[in-house]
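Which chain is which? The protein sequence lines are A and B, in order. With the working numbering as the guide, the letters of the first sequence map in order to residues 1 to 432. With the working numbering as the guide, the letters of the second sequence map in order to residues 1001 to 1573.
If you are wondering where the hints come from, they were derived from the structure by calculation, not from laboratory data. Since this is a predicted model, take the numbers as computed values, not measurements. There could be a bad hint or two in this list.
Said to hold, decoys possible - Below are the EDC-like pairs computed for lysine to aspartate or glutamate, each with C-alpha atoms no more than 16 Å apart in a straight line:
| # | chain 1 | residue 1 | chain 2 | residue 2 |
| --- | --- | --- | --- | --- |
| 1 | B | Lys1489 | B | Asp1475 |
| 2 | A | Lys404 | B | Glu1553 |
| 3 | B | Lys1338 | A | Asp18 |
| 4 | B | Lys1556 | A | Asp18 |
| 5 | B | Lys1338 | A | Asp274 |
Spelled out from the first residue to the last, the chains are:
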Amino acid sequence: MVIVQNIVCPICGCACDDIEATVEGNKIVKVKNSCSISASKFLNFWKERNLSSLIRKNGELAPTSLEEAVEKTAEILVNAEYPLVYGFALSGCEAQAVGVELAEEIGGVIDNQTVTCHGPSALGLHDVGMPGCTLGEVRHRADLIVYWGSNFQEAHPRHLARYSALSEGRFRKGRKDRKVVVIDVRKTPSARVADLFIPIAPGQDYELMSALRMALNNDEIEEESVAGLPVDKIEELAEMLRSCQFGILFYGLGLTMSRGKERNIDQAVSLVCDLNKWTKFVIMPMRGHYNVTGMNEVTAWQTGYPYAVDFSHGYPWYNPGETTSIDILRRGECDAALIVASDPLAHFPKEVGQNLCKIPFAVIDPHMSMTALAADVVMPCAFTGIEAEGSAYRMDTVPLPLKKVIESPPGILSDEELVGMILKRVKSKRRR
Amino acid sequence: MELLIKNGVVYDPKNGIDGEVMDVAIRDKKVVDRVDESKAYVIDASNKLIMPGGVDLHSHIAGPKCNIGRMLRPEDHYKDVEPRTQVKRSGVGYSVPSSFTIGYRYAILGYTTVFEPANPPLKMLHCHHEFRDIPILDKGCFVMFGNNWFVMEYLRDNKLDECAAYVAWTLDATKGYAIKIVDPGCVEAWKWGDVEFLDILWGRPEEIDEPVPRFGVTSREIVRGLCKVNKLLNLPHPIHVHANGLGTPGNYQTTIDTMDCVKDLAEEDRPAIHMTHVQFNGYAGSDWITIRSGAHEIMKYVNANKHVTIDLGQVIFTDTTTMTGDGPFEYKLHLLTKNKWTNADVESEEGAGLVPIHYKKSNFVHATMWTIGLELALLAKDPWRIFMTTDHPNGGPFTHYPRAITWLMSKEARKRTLDKISKRARSRSDLDNMDREYSFYEIAIATRAANARILGLKDKGHLGVGADADVAIYDINPREVDQSRDYKKVRKALSKAAFTIKEGEIVVKDGDIVKSIEGRTYWVKPNLPSDLMNAITSDLTKKFRDYYTVEMENFKIHDRFVTRSTPMPTYYG
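Chain A extracted, bound-state conformation (with noise of 0.2 Å):
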């Protein structure tokens, strides 16, 4: 029996890294300080597993070797014109690295799951800024902490205890001496924590940020309530904002996926610089994978930009709506894929997820997934973070080791090696 501490969980975006693992057997049989997400991936994740590398004959995925499975890979991506490469949000950074590398050598586009989560907060950035902090400054410094269409306590299970509201820090002592504000259309199990809930009309967020503004700024709010909430409860919480010594805005999907998008994020930050006139306030989205940060930073250091990067000119090029994975699926542009790390069958609108159908795809991930299902080459690869070591960047971009804890299954190797297989072939294929 083995014992293995400071783990980063490879799950959601608080990476928490204090996990504790029992291992018995290149078996683990017991996590310590994880959430329930988390302690059912360590526990559960090598069930219901695909050892095996597919490839689909006559319309039906059949068992194949590795070597054919890549060759067969390569093939797919030298002979595309319009390649894409999605994923990597559950992927180490090296991992990611060579994703991009791919990309660039097909020619393609290098997309990863902030397009259906925090696009809109690239673009947010990309126009007005985003003045943050590491999660540490919320745990030492912040007396409010208001979190914007999300739902923390199911997504993020750990974020309150360990790095807001309850958690220790320097300056509070815990829980009594912040406060808890929740924004969202419904009570969620997040909204019962909170010290104060204000439920909001669906898809006006836009709106209350700005009467939040226009009361912050002394103007005159002329509506009698704006997104259901009456002019005088705004005008409390925008002087509860102002009065704050530290104040956090966590925003998650409720925000980015709602009516106005990269609009909403504008206004948001806008809001949070105002309130910097009169108090410190910082703004952090609400990451959901464990490592979309890591894909985020690792392209925009290597290609300039965070997502969507087409290299299909020789050089990055970026314009989300137009290079958008999505977007070019819905277009039906795109005419082969590599799918790594990620689901997007699951997630993608219907009509672009049958576009991915039509043309022929890879994919590489632990389990099967609803995308592996419909894919032509599928190539099991170990659990990054759990069978295969790496790094990872927290929702705050603080960078985390990734560890190996037990051995993956034999003959089953990492995402960073088999992209990296795929890479070689694809090479090799183009030179001749």
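Following the hints, position chain B against chain A.
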């Protein structure tokens, strides 16, 4: 591989070679006495300028804030792209280039060693990640300590040895190279948005004797303390200081106070403090109307005091991105320019901020900043203690170095620009009356030899036997060109090296990359007496848990993340 560079006009200030026609022989990555000409690859460098590979000691090339810059500014990249070639990865520019592009563009300028000057310890892994993807260059990273809770507490409690042990441990754990101090104490105040302490409302520079709220230690004590720590640990580079009050009229006095506060700690002629991007810290006057150059006052002090070195932070008239660990300054700049703003405070230690800026000739303040940088350089008596930088990308992208160099080398080049800048700025500046023109020899000092010396890199910045075979060859004959009149020729030649040789390999030929190799990562490995390290271990472990949201084990950077790891051992005491 053996390489022979024949008949070049060589400038190698460390070895006193001032434009001699001679050969440079290279074997196994090093400069050697001679090689067998019949077997070696021979480069005919007749009528060409030869210098050691360029060494830049302050350029923001990697790490969290560079990457925020890239993400903040897609508009910066669209017009400046680098396609993929057989040897090159693709990328984009301009002021915040992608990582591969940084390596290629520096190599094309003839630079082979560049140091990233400001990373917070907690995010050092990010810096090493990007180092892996910056080809060709040898690199290292300075670690920020000036607002670090451990440091401030140890210094407040007069625990100098413990502070030294903590700094040594952190440098080792994060694979950093030197102690960087940014706006000491003030970033901590900024983390509370403490505009009063920071004098943001009044637009005054922060003073160095005001105790940091809640910590009770002053900027002076932090700078002095870390200067002593630097000495105790025998680090190769002195403390690298970004003084308080950056970008604020009247701040030249703070700069002088900061330099002066460690004067008594200097040993013989060894520099005890490096003041960085002094142009941004060299403003006289009391507001944006009365602002004028403080270069004369600053250089009077620098010329008289050998314990100080400075770099310029020269402004280039272009669109660029400001990025610094000085979070409060960036907030001020955001208020001033209304440009988009990013802030990135880091728990228990440092912060950062970014704001884009466009320096315009017609803008009185920008033009004044431009004159200050050049005045500093032209007033310097000892070229070994002043380095040419633009504080990339704060003053302007490093790709403009040849332009900045020709301003130093040619009065005519300066006059051409002076004719176009704000008349008010010109009339308040002494630049029109300054006749000095840097020689090629002095340029070789300010862009290589002196940089390597102050970084403590004994094998860099010169071409003596045993030096690293990093060489830049430029297609211009320094003995024939009239540098003053034909400054454009000089600029053109310096913009695209005829050859850049890195560790004996030709990486650039005729201004284009022909080969890409991996550069080294330098970091210091201080050796501490075990009793001293033991003395702080329990305190460190406990405080680490209290201060950070990561485990100590995950804070330490594993060797596998460090590209061509090159530790430099130092010894305590």
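Hint check:
Only pairs whose Cα atoms come within 16 Å are accepted, and Lys1489(B) paired with Asp1475(B) is accepted, the gap being roughly 10 Å. Using a Cα cut-off of 16 Å, the hinted pair Lys404(A) and Glu1553(B) holds, with the two alpha carbons roughly 14 Å apart. Distance hint between Lys1338(B) and Asp18(A) is unfulfilled; the C-alpha atoms sit about 41 Å from each other, more than 16 Å. Taken as a hint, the Lys1556(B) and Asp18(A) pair is honoured in the structure, with Cα atoms around 14 Å apart against an allowance of 16 Å.
Distance hint between Lys1338(B) and Asp274(A) is fulfilled; the C-alpha atoms sit about 12 Å from each other, no more than 16 Å.
The structure does not agree with numbered hint 3 stated previously, though it agrees with all others.
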